[in-house]
Amino acid sequence: PKNRLRDEGRIRLLHLGLGADTLGVVFMEPYKEKVLEAVAGTPRAGLVRRFLDSAVGACPELSYEQSRMRALGFEAQGVTQLVAAGVLTVRDAGSWWLAVPGVGRFVRAFVRG
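First residue of the sequence shown: 0, per our numbering; consecutive thereafter.
Source of the hints: derived by calculation from the structure; they are not laboratory data.
A hint or two may mislead.
[To be verified] Pair ranges (Cβ atoms, derived): (1) R111 <-> R69: 34 to 44 Å; (2) G112 <-> R69: 26 to 36 Å; (3) E7 <-> R107: 29 to 39 Å; (4) G112 <-> G56: 17 to 27 Å; (5) E7 <-> R67: 34 to 44 Å; (6) F109 <-> E36: 14 to 24 Å; (7) Q76 <-> P100: 17 to 27 Å; (8) L35 <-> L61: 20 to 30 Å.
All figures in this text were calculated on a predicted structure; none of them were measured in a lab.
We put the CB at the ideal spot given by N, CA and C, even for glycine.
Input sequences plus hints: build the corresponding full structure.
Structural data, given as structure tokens:
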């Protein structure tokens with residue numbers, strides 16, 4: 000099947016912030032490792048791990064709406080911490096893209112050449 004790797008949870012599509020249709024593909028295991036490495040030893044580490052285990056594993060969508068985040072047990076304070084950790088980035092009011100911590104710096108450098 001066309002979406003087998005995504006359906007099996009082995010890859011994820013991520014919005015890169017370069018335009019509405021610009022997406023990246025990440026393998027989930029290295030993605031989780033890098034995200035956890037980025038927050039290791041910080042007060043956010045437990046929250047980020049819980050987000051990766053519950054939300055990211057269960058929801059293959061590109062973005063998360065506020066109602067979905069609440070249903071998964073993440074209130075406004077938790078979402079704010081996930082944004083600060085670089086795991087989410089604001090899409091619009093009450094909606095967030097899944098992100099890779101530090102990817103913004105890479106994308107800016109890539110675009111500049």
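How the hints compare with the structure:
The supplied range of 34 to 44 Å is met by R111 and R69, whose beta-carbon atoms lie about 38 Å from each other. Taking the beta carbon of each, G112 and R69 are about 42 Å apart, not inside 26 to 36 Å as hinted. Distance hint check: the CB atoms of E7 and R107 are about 32 Å apart, consistent with the given range 29 to 39 Å. Between G112 and G56 the Cβ separation comes to about 36 Å, which falls outside the hinted range of 17 to 27 Å.
Remark: the range hint 34 to 44 Å for E7 to R67 is contradicted by a beta-carbon distance near 22 Å. The hint said 14 to 24 Å for the Cβ distance between F109 and E36, and at roughly 21 Å that hint holds. One distance hint, 17 to 27 Å for the beta-carbon pair Q76 and P100, holds here, with the actual separation near 19 Å. Distance hint check for L35 and L61: the Cβ-Cβ separation is about 21 Å, which falls inside the suggested range of 20 to 30 Å.
Consistency note: the structure conflicts with the earlier hints numbered 2, 4 and 5.
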